[in-house]
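Peer 1: With chain A fixed as given, assemble chain B onto it according to the hints.
From first to last, the protein sequence lines stand for chains A and B.
Numbering follows full-length UniProt numbering, in which position 88 of the first sequence is assigned residue number 88; successive positions increment by one, without gaps.
Numbering follows full-length UniProt numbering, in which position 182 of the second sequence is assigned residue number 182; successive positions increment by one, without gaps.
All clues stand as given, with none of them false.
Computed beta-carbon distance windows for the label pairs:
1) Q151(B) - D260(A): 21 to 29 Å
2) D260(A) - R279(B): 50 to 58 Å
3) H153(B) - G217(A): 36 to 44 Å
4) R3(A) - R294(B): 54 to 62 Å
5) Q228(B) - D46(A): 45 to 53 Å
Just a few of them, taken from the derived set where beta-carbon distance is under 7 Å, the chain B residues facing chain A:
6) P50
7) G51
8) A54
9) P81
10) I84
11) R88
12) L91
13) E92
Derived from the structure by calculation, the hints contain no laboratory data.
Backbone N, C-alpha and C fix where the C-beta goes; we use that ideal spot for every residue, glycine too.
Protein chains: 2
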Amino acid sequence: MARVLVTGASGFVGRQVVEQLLAAGHEVHAACGRQVLDGPIVHQLDLLEPGAAAALVARVRPQRLLHLAWCAKPGVYWTSPENIGWVRTSLELLEAFQCHGGEQAVLVGSCAEYDWSGEGVCHEDSTPLLPATPYGRCKNATRELAELFGQLHDMPVAWARIFHAYGPYEAPGRLVPAVIGALLKGEPARCSHGEQLRDLLHVADVASALIQLAQGGVQGAFNIGGGQPIRLREVIEYLARQLNAEHLLQFGAIPVALNDPPLLIADNQRLLAQGWQPRFDLHSGLDDALAWWRGRI
Amino acid sequence: MARVLVTGASGFVGRQVVEQLLAAGHEVHAACGRQVLDGPIVHQLDLLEPGAAAALVARVRPQRLLHLAWCAKPGVYWTSPENIGWVRTSLELLEAFQCHGGEQAVLVGSCAEYDWSGEGVCHEDSTPLLPATPYGRCKNATRELAELFGQLHDMPVAWARIFHAYGPYEAPGRLVPAVIGALLKGEPARCSHGEQLRDLLHVADVASALIQLAQGGVQGAFNIGGGQPIRLREVIEYLARQLNAEHLLQFGAIPVALNDPPLLIADNQRLLAQGWQPRFDLHSGLDDALAWWRGRI
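Isolated chain A, as found in the complex:
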């Protein structure tokens, strides 16, 4: 049992992390911007406020840090100047964490750090880091600085690059909720051709991977993904079959964005070597998402 600080605790991934840490018996401190959660010790604050992160860490003195907070507003976060504030806040957190006796930090990155124009299977060591967006550039800069900070202070800092998470509380505009939402309402689901291969992972498995990395003594970048290429068309058709709504699918109705690569998946060998195993496969994961959205739409 450890004292753990989770930032972004009311977010899509954060709430799963908090739930699993509580279930494992840890003392969980949850930093949230807006919503208040049941269960953990909640610290409601604006982490972007200079000094707020350091003051929180000084109060909590966590042994482990899972830093998930970042700007995530759909349609905005890719190019928001707030990304730079999150670099600053991440450094402030990390410095305070080390200063107050922190033992293991896990920070969250993204597949957006990688060069997407390459072969599509991303390896932590060999795939070039060539982020195309302000979001990706700020994540990558944070990674570089966090890694250096860990080296200079001899403190383990793990960097978790999330690929494509789905599940409860996902933003409604994203693929899985958008398809489920349309079909549950009996409306057409307008999709692209759906031939893209992606690395979808249920958010509970993303959370368990982050917690695995927080065990202690873990350093460097880790791809967080299932490691299997999943055709988006297969996801969409599976959801439609479960809802008897295949007639509502409109493949090809939406163009594929120019920067949308045909293949983008994680080599997850480094994560697997940490002992992590996912709980869901694609079908059981989508069933879970479906059940959750059914009660809400």
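Peer 2: Just chain B now, with coordinates in the frame of chain A:
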């Protein structure tokens, strides 16, 4: 006349910047960690304290920012973890500056951002950025983030890469003061072979270059150097001649560091295009340094 905030104002370059800004009639706010200066409005504070930079900027509301503060402790700054705190503080400053109506920021970088294993003449656009030290990596990360911040907010941010400054208040262990100090005391000046070609610039000219960049509407990276390769042996021999102490020179007494490149100079065309001209040539600059140290050793 403008309201200007100078950080690192009591430092080697900072005090020259403050002096020249005051002489030009500006309202100068000087942020200093330790020493107090005469002339500007002094704000004594620890800029690394989270929130301190933002609070200062909110109080001063400067139109121009010249951010020179950084860790500079000789022998320590190349690898100090404090470099990461200076990245954070630089971002905090820049964000607050923009938020409170700032018009032109000038941040200070270093030739240590460049790949030193290349041809040795550094161009802002074409020389690879491949810093070999934590100091260089943190400067380069700050540059990337500051540049992005400027783009996203449409605020001009200039990045001044200083090469080799010398003059009053230089750290005593560095080349020019070390040679002068030894010779003034009648002690042997132990030197390397002295064949290295460097870009030496008097600190007053470094300061005037930074002020030139702060005029407004200036973006991107600028090499701050004289643009002329100067053999260190020539510097050392000139100083010795002025002091009638050539017999005290011991060339070859010290090995050259492995990572010390034979040639490292600035292409300064971009700076010259801004209208900057140096006041000192090598001899008049060294004479000035000599006169200053004479009164102090």
